[in-house]
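Chemist: Spelled out from the first residue to the last, the chains are:
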Amino acid sequence: MTSFEPIAAIQRLRRSRATRAKTALKKAPFSAWFGIVVIVGYVFVAVLAHWIAPYGETQVFSEAFAPWSQEFKLGTDQLGRDMLTRLIYGARNTIAIAVATTLLSFAVGVSLGLLAALHRGWLDQILSRAVDVLMSIPSLIFALVLLSIFGSSITSLIVIIALLDSTRVFRLSRAVGLNVAVMEYVEVARLRGEGARWIIAKEILPNVMPPLVAEFGLRFCFVFLTIAALSFLGVGIQPPTADWGSMVRENATLITYGDVTPLLPAGAIALLTVSVNFVVDWFLHATSGLRDEK
Amino acid sequence: MKNSGPGPREKGKDLLQIRNLHVEGFSDERWHPIVRGIDLTLKRGEVLGLIGESGAGKSTIGLAAMGYAKPGCRITQGSILFDGIDLLAVSETVRRRLRGSRIAYVAQSAAASFNPAHRLLEQTVETAVAHGIASREEANRSAVDLYRRLQLPDPETIGFRYPHQVSGGQLQRAMTAMAMACRPDLIVFDEPTTALDVTTQVEVLASIRNIVEEFNTAAIYVTHDLAVVAQMAHRIMVLRDGLTVEEAETRQMLAAPAQEYTKTLWAVRKLAKPEVAAEEYLLTIDHVTAAYARTVKVLQDVCIKVPRERTVAVVGESGSGKSTLARVVTGLLPSLSGSISFAGQPLSKSLKMRPKEVLRRIQMIYQTPDNALNPRQTVEDIIARPLEFYLGFSGAQRDRRIGELMHMVEMSEAYLDRLPAELSGGQKQRVCIARALAADPDLIICDEITSALDQIVQEEILKLLMRLQKDFGMSYLFITHDIATVRAIADEIVVMHQGKVVEQGMKSEVLTPPHPAYTERLLSSVPEMDPDWLTTLLARRKI
Amino acid sequence: MNPVARTVLERLGLGLITLFIVSIIIFSAIAMLPGDFAKATLGQSATSETVAAFQREIGIDRPPVERYFVWVAQMLHGDFGSSFASRTGYRRSVAEIIAPRLYNTMFLAAVTALVAVPLALGLGILAALYRNGWFDRLVNAVTLTTISFPEFFVAYMLAYLVISRDTFIGSDFAQSLPHWLAASLGWALNAVPKFPTLSNVNEQTPFWDHVWKVALPAITLTLVIVAHMMRMTRAAIINMLASPYIDMARLKGMSPMVIVLRHALPNAWAPIVTVVAFNLAYLIVGVVVVEVVFVYPGIGQLMVDAVKSRDVPVVQACALIFAATYILLNLIADIISIATNPRLLHPR
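Chains as they are written, first to last, in our numbering: chain B, 1 to 294; chain X, 1 to 543; chain S, 1 to 348.
In case anyone wonders, no lab produced these hints; they're calculated from the structure.
Note that this is a predicted model, so its numbers are computed, not measured.
Careful, some of the hints might be misleading.
What the hints assert, rightly or not - Below, simulated DSBU-like cross-link-like pairs (lysine-lysine); rule was C-alpha separation at most 35 Å, straight line:
id, chain 1, residue 1, chain 2, residue 2
1, B, Lys202, X, Lys349
2, X, Lys500, X, Lys356
3, B, Lys27, X, Lys70
4, X, Lys349, X, Lys273
5, X, Lys356, X, Lys305
6, B, Lys22, X, Lys500
7, X, Lys500, X, Lys297
8, B, Lys202, X, Lys263
9, X, Lys470, X, Lys263
10, X, Lys356, X, Lys263
11, B, Lys27, S, Lys194
12, X, Lys70, X, Lys43
13, X, Lys273, X, Lys263
14, X, Lys356, B, Lys202
15, X, Lys542, X, Lys356
16, S, Lys194, S, Lys308
17, X, Lys500, X, Lys273
18, X, Lys43, X, Lys356
19, S, Lys194, B, Lys73
20, X, Lys263, X, Lys297
21, X, Lys305, X, Lys13
22, B, Lys202, X, Lys352
23, X, Lys297, B, Lys26
24, X, Lys500, X, Lys542
25, X, Lys542, X, Lys352
26, X, Lys305, X, Lys273
27, B, Lys202, B, Lys26
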């Protein structure tokens, strides 16, 4: 054994995850930077809504549909509430609900998907067939049916959308899980006698993270748009909670007079989803580049 | 028709002249050189063999001879003169008219290169008809004639089949017919037999050589297999990293390679280990039958004994059941009947029933280290896990053992923090070996572990395995389709065909005649470095 | 049996089973209704007699399996039950409510599909052929943005554009701009056709008038769907152009036209129809939102109203129609894929 060899002579190549991320960020294109800045801005506004907003979320003033002015920067809505305040609180409510829904959808979809991929057999059969059936109904239609039965409380909204959306997460995580589960390094672990928990946590999960992270971004957009659409239709988030979808609907009449105010919450939705899409697009590009690096 | 072998014969004037060719490929957001200044001259009717390891740029040069660069590649410099036409100076339309009619291409994977939606005949005559060289009827007649010359079965009707309806060897010959359809001046063969089994390879090689000779077609034959190129080419060019190493007539090159690199390529073939007779048996496979889905029998009544400290090589072509054998021994595929005993104890059929200690003593190494190493774990994580899992090592003891293991597989500890993607193919396979060694096993199952590696790396890995066996005394069950590898490392040989053991015994017995019919066919089909080998073999088989 | 016929039959059977299960799920909607639903619908003042009468009316007092088969049998005869909006002596049949609206929705969907599908396929194929060129980049950026927009945002933007045509010049915003800019913007806006921003049609609306009135909803839907469909077509075509047999065709000296038409297209039907069918799901979702924006009397708007008033029989009928349409579209796509697969058409 060459134990006399000075340690310093052995040049180790230690690169932490943080430095890798940093170099990747440096190479990121403008669109990705734009997306990141916008997302950080939205999160900032959402978290600090209570302190930034000029008025209370449901504070009503005397004049409805007031024009833009010093007092009401973006005017007031159909009940005389300050639009800017509603927009800021809307960020908090809409984003929080969408994030909660996406997290729930992923918790259900990923765990069942990976389990089905590893186990296969009857469990996989039952889950996959159930998902096939659920996906054979367009999700907005299914959501409408379920909402008509359970009513439009925030809890039922989150649970229903998460459950319907988890079918897609299930399909993806099962597919990527299957790709990894048939790899020989998983077989090596099995031959070694490792248990299912170790195999999922150490062998499979680290290898399916990039597609799942990207999918999280895309699913968030989808969930966000679905909730906005439902609220817009009047069956999602219910008044008086400030929410961008319903704000568009409630003030839509202003458009007929050539007023852009009702387009602002819709634009806020669009800007966020565009930003998330930009970041996901770059992330997919960057991580697929990593794989080519052989 | 006469088989004269690739000896010197009358050649015409220069057909193809490549001067100072540079090609670049795009990856990792930048352009990398693939071919770095190649000169090449080809006369009419001459066959030039391009040989080299992966990444040598040989396929890229083959395509450049057609004035073509793969998507993601670009020709940056040089000139390509085909029969007086500068392929890089003329318009794409002119190049297109030349392709298929005067310069044709035969790809490695015929199954993927035929369009699944059209019949073979339609694809064979497509260029001739589209370029107005022949009418459809003439082209069809000529195609049938070519099918016959290439010894395809039912030449009159085989053209009406779809690609998925004929076998791999037949498809490869059909593709040669497609290339020949316009009687081109030049054909580029890009590893046409690499994906085929050896017994099929011989037939395809013979057909290709015949027809090329018959029509006096010039050819560029790209391959990594020296023995194959020795049969096919008049002249050989050795490539490495996009540069020419040396170039000479085939016989001269084989007899007296000038460059050191070429000599190392030749040397691989000469590796051979003296066999040692068995003393004590470690693993006994007794009348084992196994099947997938309980119906398709892939192993029938197989009996094999593996002695301690020896190497048993299991040889067979695809579909012989040799890899299934490994799955049965490891317990991944429980056998239907028969029994296996290990170190005197019966071995449970299923993996789940085996105690940890038994799992530790049988380790496995795979063909593709890329798939066998978790891309998200460092070399240290990979080697440390068996130490922790089986032996309960930790702290300084673990680190010291990791150092020893790296030393055993001749790797620096500097690699411990690397991810598999940051290692070369040979290094990855060494890490796999180190992982197997970490468990301190008695038996290592090696499933085609050198097939995916370049020849020089293969030799290093085989030498390493032999040294480890001498030092630590484990047994190898070595599964391979490559006879050269068998010669290099085996003590005993098992020949398998269609799920059955055809022949087994000491290496010297199995490799010397007389052989059972299948072994004879298998052994005689393995190309040898002698340029007259194919000619002699065909002459002998005709008798 | 011919493998194509067998696979098609298998797929048909699977489609029927799916439809069956979906109908059970939708039917269970009634069974899952909370107990005091009748009271909630009829109001707190309802007497126990009226509640019982209502429950008899909707058949809640009979066993679910029997009710299911009665429901299915009635539906097969075109009877979708009666709306909860019915009152004693005034029955409103669901079929009667749905029929004219179903026609309107189908009309809108058909107009959209006729424009969107060829447009998306054409753009997708062009982008794939000239990938990484300026056209591809432009289309990629535009569609990435469009798929991120909520349907109602696109809808209102278009409506706003049409309205600005008349209101822009007089607006405060135009006054604040330099005169030449305001004038040229106004001139540009004048080029926008004066599409109706409310799609109020009825059974008497003549055909071409109907087309004119659905122009804005159709354009909105087209924008959204073309973005999705075009991106997927592009990906599918690029994937196929990377196949070795396409390389081989190039090396055989075939022209780009021949490569696309003879070598790529015969193998492209399966991925293309899959993309089209998949995206018609976006059409269905889009229809619901767009109908509400433009107050178009279609089945989507009906369904949303029914959900709000919790008129379950109407919701069920609408959902079943949407689901059945979607299942049927996927079925057709799969059958086309099967029927163009050479491996199935020409077995070994």
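Chemist: For each hint, tell me whether it holds in the structure or not.
Modeler: Hints versus structure:
1. At roughly 27 Å between alpha-carbon atoms, B/Lys202 and X/Lys349 fall within 35 Å of each other, so this suggested pair holds.
2. Taken as a hint, the X/Lys500 and X/Lys356 pair is honoured in the structure, with Cα atoms around 31 Å apart against an allowance of 35 Å.
3. Between B/Lys27 and X/Lys70, the direct Cα distance comes to roughly 27 Å. Compliance with the 35 Å bound is thereby established for this hinted pair.
4. A threshold of 35 Å between alpha carbons decides the hint, and for X/Lys349 with X/Lys273 the separation of about 33 Å falls inside it, so the pair holds.
5. With a CA separation close to 23 Å, the supplied pair X/Lys356 and X/Lys305 stays within the 35 Å bound.
6. Using a Cα cut-off of 35 Å, the hinted pair B/Lys22 and X/Lys500 is violated, with the two alpha carbons roughly 57 Å apart.
7. At most 35 Å may separate the alpha-carbon atoms for a hinted pair to count; X/Lys500 and X/Lys297 meet this at roughly 10 Å.
8. Of the supplied pair hints, the one linking B/Lys202 and X/Lys263 is violated, its CA atoms being roughly 45 Å apart against a limit of 35 Å.
9. Distance check on the hinted pair: X/Lys470 and X/Lys263 sit about 27 Å apart at the alpha-carbon level, within 35 Å; holds.
10. For the proposed pair X/Lys356 and X/Lys263, the alpha carbon gap of about 47 Å is over 35 Å, so the pair is violated.
11. A hinted pair counts as satisfied when its Cα atoms are at most 35 Å apart, and B/Lys27 with S/Lys194 does not qualify at roughly 47 Å.
12. About 25 Å separates the Cα atoms of X/Lys70 and X/Lys43, which keeps this hinted pair within 35 Å; it holds.
13. For a cut-off of 35 Å, the pair hint linking X/Lys273 to X/Lys263 stands: about 20 Å separates their Cα positions.
14. For the hint linking X/Lys356 to B/Lys202, the alpha-carbon distance of about 19 Å falls within 35 Å, and the restraint holds.
15. Pair hint X/Lys542 plus X/Lys356 does not hold up; C-alpha atoms about 56 Å apart against a cutoff of 35 Å.
16. With a CA separation close to 33 Å, the supplied pair S/Lys194 and S/Lys308 stays within the 35 Å bound.
17. Restraint check for X/Lys500 and X/Lys273: the C-alpha separation of about 27 Å stays at or below 35 Å, so the hint holds.
18. Distance restraint check for X/Lys43 and X/Lys356: the Cα-Cα separation of roughly 65 Å exceeds the 35 Å cut-off, and the hinted pair is therefore not satisfied.
19. A C-alpha spacing of about 32 Å is found between S/Lys194 and B/Lys73, which places the hinted pair at or below 35 Å, so the restraint holds.
20. A threshold of 35 Å between alpha carbons decides the hint, and for X/Lys263 with X/Lys297 the separation of about 45 Å lies outside it, so the pair is violated.
21. A hinted pair counts as satisfied when its Cα atoms are at most 35 Å apart, and X/Lys305 with X/Lys13 does not qualify at roughly 60 Å.
22. Our distance criterion of 35 Å between C-alpha atoms is met by B/Lys202 and X/Lys352, whose separation comes to about 20 Å.
23. Between X/Lys297 and B/Lys26 the alpha-carbon distance is near 56 Å, which puts this suggested pair outside the 35 Å criterion.
24. This hinted pair checks out: X/Lys500 and X/Lys542 have alpha carbons roughly 28 Å apart, not beyond 35 Å.
25. For the given pair, X/Lys542 sits about 53 Å from X/Lys352 by alpha-carbon distance, which is inconsistent with the 35 Å threshold.
26. A threshold of 35 Å between alpha carbons decides the hint, and for X/Lys305 with X/Lys273 the separation of about 20 Å falls inside it, so the pair holds.
27. At roughly 29 Å between alpha-carbon atoms, B/Lys202 and B/Lys26 fall within 35 Å of each other, so this suggested pair holds.
Hint compliance for this structure: hints 6, 8, 10, 11, 15, 18, 20, 21, 23, 25 are broken, all remaining hints hold.
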